[in-house]
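Asker: Residue numbers (numbering that gives the first Met the number 0), protein chains in the order written: chain A, 0 to 166; chain B, 0 to 425.
These aren't lab readings, by the way, just hints derived from the structure by calculation. Possibly wrong hints are sitting among the right ones.
[Said to hold, decoys possible] Selected chain A positions facing chain B (in silico; Cβ < 8 Å):
#, residue
1, V7
2, F8
3, N13
4, L29
5, G40
6, L124
7, G138
8, L151
9, R155
[To be verified] Straight-line Cα separation of at most 20 Å, DMTMM-like style, residue types lysine to aspartate or glutamate; simulated pairs:
#, chain 1, residue 1, chain 2, residue 2
10, A, K150, B, D4
11, B, K328, B, D341
12, A, K150, B, E12
13, A, K141, B, D347
14, A, K141, B, E12
15, A, K150, B, D6
16, A, K141, A, E126
17, A, K141, B, D4
18, A, K141, B, D341
19, B, K170, A, D26
Only a predicted model underlies this, so the values are computations on that prediction, with no experimental measurement involved. We put the CB at the ideal spot given by N, CA and C, even for glycine.
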Amino acid sequence: MSDPAFEVFARAHNAALFRTALLMTGDAGLAEDLVQTALAGVFARWSRLSTQDPYAYARRVIINLHRDRWRRFRGREVLVNQAPERPARSDPAEDSATRHALVHALAELSLRERQILVLRFVVDLSEADTATELGVSVGTVKSTASRALQKLRTSRHLDWAFAGETR
Amino acid sequence: MTDTDPDTRRITELLASFDAGPTPDLDFSYVTRRGTRMRTARQLEAAAAVLTVVAVVAGALMFLADSPGARRPDTPVGSSSASASVVRVMGTARDWRAAVEQASPLPGQIRHYDDAPQDGPFVSTDDAAILAGLDYVHEWFRYTSAGRTTAFIVTARWAQNIWDGLRAGCKMSSTNCYPERMTSVGPVIVENTTGRNITAASNLRPSGIVLTVTSMPYDVTAIDSTTEANDAVLPSGLNADQLIDLVTSLPEPVLGHPAPSPSASPSDVTLSPVLGSGAIPASPVVSVSPGERVPLGGTQYMTLNPSQECVLDSATPVKVTPGTNLWCKSLTDGNLAPGSVDLQTQGDASRLLVTGYYLGDGATTVMVGSGPSARVATIVRVNGSRGPVAYFANLPAGDSLSQPMTRPTGRNVIVHDAHGRVLASL
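All chains, please: the whole structure from these sequences, using the hints.
Answerer: Quick look at the structure:
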């Protein structure tokens, strides 16, 4: 039996959850699966969550499920070794190329680095909230984010992003 | 790199403006059907838990009624069938490798893989001091035979419920699981990840160890040569029944490594004493066994052995890959000349932690900083060793030592012997 309020919630947050899951997993199919599982979990607890923060709950489900899967299947994820073509600035496919470049660059980070960057800069949580969400210290969030940004800064997948700029 | 440099800003802008492209349509009826099933399962589990408690209480009452004032001789005091405690099984990577090789059907052909990216509260390491701060150990072993690759994954957990994680994974549509089955050596879950053609059988042993055997369509030799998962595809490996037979017949790894002492509890930070004027005082000395933890204040601690000095944080998940341990420094790799002293700083809002080591004999005082604000560091040495010593000191937050570009050369750390002679400085 559906609940109109849940339906409104699910449709309103589907895109944001998918965006988070895609950056976390790098795999659109898996991201879609994670989002559906998370939303099903929210629906199962809707009577309680509807008065709390169901979006945060769904986000945590995505992070936890992906972490569990990653632990089990680490090392089996096939990384793409070829950097994408650098998009021309006026290229109509630039959005798609940017998307793929970011996903590939993030895929080269560790799971924790990816989690922290996505929560800090995509979901836009504070350092303290990111630390709480992941159960780590604020210092860990800061140092890991700094290290991860440095890796992205030198990622071959993002070379094009700095083209023409003094580095 | 700081948050304000243009490159970092560019990256954070890219992340913030990330466009995931078209969002897949939400299959709303599927979501609500699954949600309803999950809710029903949760309610059934809750009801079963209540019934279990009722049964245990009823059994206890009947037992008391049967034997007033008496205890059956075969019933241990304090035992309870309602709660199973998790046994903390400890072992280094070397222990686990030996145990799995002994347990595997192809001893001598097993390859241990610890070069995959690792993160979170599990780790592959031979450092027992690091293991003591973890709540999850996860080791991978693989072999390829007759064109088929099989992996053994051995997981020990004491703080996390891996089994519930496995069950949760079964609820995902990309994973098909057989109904959980009970065997004489504990429950077994068989899962198949669609699209990747990976089948895994996992078995929860009473000790809390989870043994998993998977049949993977990958060739180990490809991974050997690239160190990344650039896997060649092979035909499918063992089927589900063969995997179940294999995982339930594996002896549980028995680890001979003693459990390390409990980790130090987080301690408050006490600033190191100011040197003051007059004679140079001797540094406090902490003598430790190799690998023993020395609290540094807060959640940080140091370990020292004759070949390695580590500064670790029990609140931070450890990432360790052999050869690339970011938290430890080798005392024997030749990076520091004999008779020299080393310095590292790390600060937060409450203090500046200064650590390092001196490669030489006879150090009795390590001074950190110079002038009236200089402080006496604590020396850490391995029991019975006259060789390299480590040191640490807690300085006020924002001390000038935290500025590597402006701090004065030769006056940041000074090592003295018992006669006040300078042995080394930096």
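Asker: Hints first: check each against the structure and report whether it holds.
Answerer: Cross-check of the supplied hints:
1. V7: For V7/A, the interface hint is violated, since the closest Cβ of chain B sits about 11 Å away, which is over 8 Å.
2. F8: Since the shortest Cβ distance to chain B is 11 Å, the answer is violated.
3. N13: holds, 5 Å
4. L29: holds, 6 Å
5. G40: holds, 6 Å
6. L124: violated, 12 Å
7. G138: Holds. Min distance 6 Å.
8. L151: Nearest chain B Cβ about 5 Å off; hint holds.
9. R155: violated, 14 Å
10. K150/A with D4/B: This hinted pair holds, its Cα atoms lying about 15 Å apart.
11. K328/B with D341/B: Between K328/B and D341/B the Cα gap is close to 10 Å, so the pair holds against 20 Å.
12. K150/A with E12/B: holds, 16 Å
13. K141/A with D347/B: Given that 20 Å is the threshold and the Cα spacing comes to 11 Å, the pair holds.
14. K141/A with E12/B: holds, 18 Å
15. K150/A with D6/B: holds, 12 Å
16. K141/A with E126/A: holds, 7 Å
17. K141/A with D4/B: holds, 16 Å
18. K141/A with D341/B: Not satisfied, since the Cα-Cα distance of roughly 25 Å exceeds 20 Å.
19. K170/B with D26/A: holds, 18 Å
Against the hints set out earlier in the document, violations occur for numbers 1, 2, 6, 9 and 18.
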